[in-house]
Amino acid sequence: MFYREEIPSTSAQFYALSSSFQLMAKLFLFGIGGTGSRVIRSLTMLLAAGVDLPNCDRVVPIIIDPDAHNGDMNRTVQLLQSYQQIYKRLGPREEGFFKTDISTLSGISQDVNGSVKDTFIFDFGGINQSFRQYLSYDGLSVDSKGLVDLLFTQDNLESPLTIGFRGSPNVGSIVLNKLVESPEMRFFADNFQDGDRVFFVSSIFGGTGAAGFPLMLKNLKDTNTRLSNARYLRDAPTGAVTVMPYFALQSEDNAVIDSNNFLTKTKAALSYYEHNLQGLDALYYLADTPDTPYENQPGGTQQKNKAHVIELLAALSIVDFMRYSPAELRTGGPHFHEYGLQADAPEIQFSHLPDESREIIAKQLTQFLYFTRYHKQHLPTDKAPYADNLKLDYAMRNEPIFRELNTFLHSQDSGVDQWLQELAQNRRSFRPFDLQTDDFNAMILGKPVEKKWNDFFNKGLSHNYLLDNLNKTEKSIQEPDSFRKMLELFYDVTDKAFAEKVKVV
Amino acid sequence: MRYLSSFPRLLPALGLSLLLLPGCYSRSDMKTEEGTATKTPSDVPPTEVPGAVPVRTPEPTAEAATTQPLQAVNVFLEVSGSMEGFMPKTGAGGENTKFQQHVAQFLSEVNRTSAARQKTFYRIKERPYKDSYQAISGTVRSGIQQPAKSTDIPSVLDTLMTNYYRPGTVSILISDFIYSPKNAGAIPYIKTDIADALSQSGEKSDLAVSVYGYTSDFRGTYYPALVASGKKTNCCDTEIPYYIWVVGPAGAVRQFDAALLEQQPAKQAHFGVTYPQPNYSLLSKFQNKGSWYYGDAGASKRNAESYRVIAVSEASPQQPIEFVVGLDLGQLPGQYQDAAYLKQNLKLQGVDTDAKLLDVFAATDQNRASSGPESKFTHFAKVRLTKQPKAARPLVLRLQDQRPAWVAQWTTKNDATPAPKTFALSSLLDGLEAQGGAEKKPIFEVPLTLQPAE
Amino acid sequence: MKALFRSIYELIGAPQPPADTPVYRDVIFPNIGLLNIGISLALVVIFYYVINRMMGVATFNKGRHWAIFLVINGLIAFGLAVSQAHAQQVTDHSYIYWLATWNAILGLFWFFIFSLILRKGSTNASTTPF
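Chains as they are written, first to last, in this note's numbering: chain A, 536 to 1040; chain B, 575 to 1028; chain C, 60 to 189.
Okay, chain A solo, but in the shape it has when bound (with noise of 0.2 Å):
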């Protein structure tokens, strides 16, 4: 599906040199509104599951959405915490789980000012206010109120803009159209290096990732820009995943929202992106037909929508164009991908998947869940010599990072566990797993592990199987720190029980 080039050796030599000078190439990922949030939150699932960026080192993640009280963004931010804690304490690897740095906007580099926070979300500054307020429209000339009227309804004009623009982009397109001037936009400039990616994420429906997303790339690519670093900006492989509609909402009468108008506002932002897209390298588009209705929640904390397969490949869109090499996104301007299925299924498993993606995420996404599982059914309990020579019994009630690692796995709110469960709920759902069995042999569907029925010994994929690997592979990891020791070997056992008792999905 997507083609990649052989780098010529003069130009890798020229690259490796380049590389050495800008140690940390980084991934500036804007997720702009509650679609961003929600890729984001699968990208970190797949981060931790120890999925490949490659061609860096670091993402940063910049959540843009008004909205400061949305459930989705905050437990995306929830989540990238604990995966930016759990990081930390593990350091850079070859390979492993939570094997990408991500790290705030401010965390890149030393802020002079302090006036950039340290958070993964974009400060709209209080816009408490009304979207009347936010224009002064009381203290326009009359001339000026006319074009308001034409361009707002009465409705936009009254509503607070801080739930978001409410699937307005003309509203939202106003109060974007600012943000360039933010002290975050002009940090983010400042620290912009050669080599480094941008990639946007937005909805095309939506109201604010419709209008953000244009916005900001005008502003970015805008050659008369008052930010620094602008060769740097205008140069780099830029790409951005755009989702359609793939969800409806419950019609309710007097709703803010009205899926119904879905339809008509990506057909009005197609025709836009048509013309105005100037300096992206690679768009992805995705969609589906809509699905379950979601609860009509305009926004605000109970805007929580589940976890959907469409995300998680906007996400897979984001690993993609991390595998170009930018000569290859130079060549041949823009690239535009779209995502087919290997079949339409209402229930995707490993084997609906194209080849390309299953590699990607099948290996990485189970021995993940074999590691969650385990985390949650056996590690507790486990009276076994790797998990006394780790001093699990006493680090996991003890040891703040080994509870963080409980968080971002088995959160109610925002773990794995309930990532998977949300992804496997849709109409359309992502069901590669049986979430619900205790037999490791079972868990992935459509594929058990094969036991031989007249091998008393072979279990297959046991507990006794996993536990004696674990003891034994824990004997031959030099490694002084618990928790990366734990880590590690966790990925080296779910790797061999794949390699040994999976063998291919």
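Since the hints were derived computationally from the structure, they do not count as laboratory data.
Please note: incorrect hints may appear among the correct ones.
Said to hold, decoys possible - Among chain A residues calculated to face chain C with C-beta under 8 Å, some are:
1. K918
2. P920
3. L1002
By construction, the Cβ of each residue, glycine as well, lies at the ideal position given by its N, Cα and C atoms.
Given the coordinates of chain A, assemble chains B and C onto it according to the supplied hints.
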């Protein structure tokens, strides 16, 4: 597959455990080990035990002699007038005397025996006359044709010692041994005369004499030793004693005794005969009492008949120790197997101990049939002690050589009246005894060691 | 060797009845002593290396599983002493059972010692019993 490569590292541990498992001791193992390593450790004096008595090893010559037949046997039958009563001419009724019966049979046995290579028969008159077996047997059966004058015992003995005393050779003298001194004044010197006669041809250090006493009915003239009291014709109503003397080197005498005379019911007395030490052993599970056990080095490995050391854990008047020594006296003459004789003459000698011989008794059928080591012994000596030994001390069981009681009973000072007694028999035997030197050797000694338990 | 086992086994007193002392000292003590060590070692090897390493059994490594082997070891040691005594045809005496009990205790001791020494080489029981 990683565990496969680790398997070789386990092999030493497994090998070690496999080695350990069969590494057991057993008593049978040790017996065979012992058999190949040393001949018999029991014969080695337990040198590590101070004060232990060296164990006397059986003389190899004696053992060799038992396997080798005797060179020669010379049988001498006295045919003087005093013997006529034993060998009367065959009467009309064909009745004969016990003497004739017995001696004829004895001569026949000698003639036939494989215990000696060469057998020669002599009649003793003034001097020995060589005779054939048939002739001498005929003499015994049909009576003495020409009685000799009374023969003089010292001169007969002198002759035997001078002409017939050879290694591996015994002389058998069949006679009533009525010694008639020339006058009454010679009577006190009988002992000396006999001793002189035996040593005239030179001191024989290994000279031994076995005396077997019998009685027989007597039909003829009885000549008492004291000539003055006059002969009695048509004697007698009582039985008259006669004797078979076996004279020769000690080993040969013992061999001949065992081969031909031991079976016969007779009174016996032995002078200068030596016997190999009998087999003996402590028995730890036979009528034992108290806290003691075999203290022999490697006691568990031994054959049952060779325990010598009593290790006493605890001994007090309240908790006395009793142990039994098994003795195999089968090789000794019957006299020494007699329980009465043993009770009287088996002595226990110890140092620094109150050990006492409680009892000596012969094996019962039940003992012999037992599966325990006691079945190997003919006699048992039970010892008791109540004092804990302070260190290893010797303890010896010794059988005294005692003149048997019958000798005194068969001796008379006046044989004028015929009786089953012989004139001055004691004195005659005194003369034999004088040969053995000043001190009388014990028949056997079995040394034991008494020591405190380790 | 014999002196060593003798001193170990006579800690519970001299053999009874006294007449069997030499058999106990020369044969039974060394036999059961060596066998006891050998069996304890074998059981430790089985527990730590065969089951918990070569066979890859990882769920048979708890303290209670170890205790099962410990108890088995004790029983074997007991039976071993009794059977050895009978094999050597010593007089029946309650001492045999005292000896067997003592041997069982020693078996437990050896098992414990070997466990401490050898457990590190095991994969799945290297921290058993503690």
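Quick rundown of the hints versus the structure:
Checking A:K918 against chain C by beta carbon gives a least distance of about 6 Å; that is within 8 Å, so the hint holds. With a least beta-carbon distance of about 4 Å to chain C, the hint placing A:P920 at the interface is held under the 8 Å criterion. Evaluation of the A:L1002 hint against chain C yields a held restraint, the C-beta minimum of about 3 Å falling below 8 Å.
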